[in-house]
Amino acid sequence: MRPFMVILSVLMIFSRLAVGAAVIDLSGTWAFEIDRDDVGLGERWHDRMLSDRIGLPGALQNQGYGDDVTVETEWTGAAKKETWLNDPRYAPYRRPGHIKVPFCLQPEKHYVGPAWYQRQVEIPSSWQGDAVIVTLERPHWETRLWLDGRFIGSDNSLGTPHEYDLGVLPSGRHVLTLRVDNRIIVDVGDWSHSVSDHTQGNWNGVVGRIELTRRPAVWIDDVQVFAHVATRSVTIKGRVGNRTGKTGQGELTITVDAMRGDDATPLPS
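Residue numbers (my numbering): 1 to 269.
Some hints could be false.
Said to hold, decoys possible - Derived DEER-like restraints, expressed as beta-carbon distance ranges:
hint, residue 1, residue 2, range
1, T135, G250, 22 to 32 Å
2, T235, G208, 50 to 60 Å
3, G238, P124, 26 to 36 Å
Source of the hints: derived by calculation from the structure; they are not laboratory data.
We treat Cβ as the ideally placed atom computed from N, Cα and C, and that holds for glycine.
Let the sequences and hints guide you as you build the complete structure.
Here you go:
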């Protein structure tokens, strides 16, 4: 049996667990406002209802928000635009209404800065006693989250979902307020594919899964699998989360699928 099969097997086990968990999908229409002057934090926009509307998952630039692209547009990254600005052959593509930018991915609209997104959520009574987790997949870039006006936290990862633990909530209606800022939060270089306009594009929004999930009082928080090819063995390290404040004992069983479809073999507990 090869080590990579063990890794795949463990991932499949936890994928099956995730499918069976309760999930509330938050895709759809959200309240929204652009914060051009970056005053939302000081004016506590998280304490009031936002007035515009937008669809998530999505980016604000693709939904009519932001500015028209012009020759004065300030692009993110080391854009090589001197030839486009000065060469007479590009003159027809510099005219208002006919802009064609050859050196980057040209968005429908351009906007760099904070924007606020807001949605009411309903926590079912069946979730009582379980923590509520917010998952934001592929946000761009920094996110900050509030629940009912209370600050939960922030994240600026460009490679993994942003996950927020809201704790155990009373059933009923609550308000999530999300601030997304697509300015350069960390200096990742002029040619970074994760933020520059001439590679991925510098959009503002969340374009992947947006959902609430429930987490029980005791849960598997982390699993890591280390393969040892020379000894044909693996080391599995994990961490169990426990919000009860009590000690306890349990049994963990990990099943490894064989390479050629033989019967699965439970590992010792």
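Could you work out which earlier hints the structure fails to respect and list their numbers in ascending sequence? As far as the earlier hints go, only 2 is violated by this structure.
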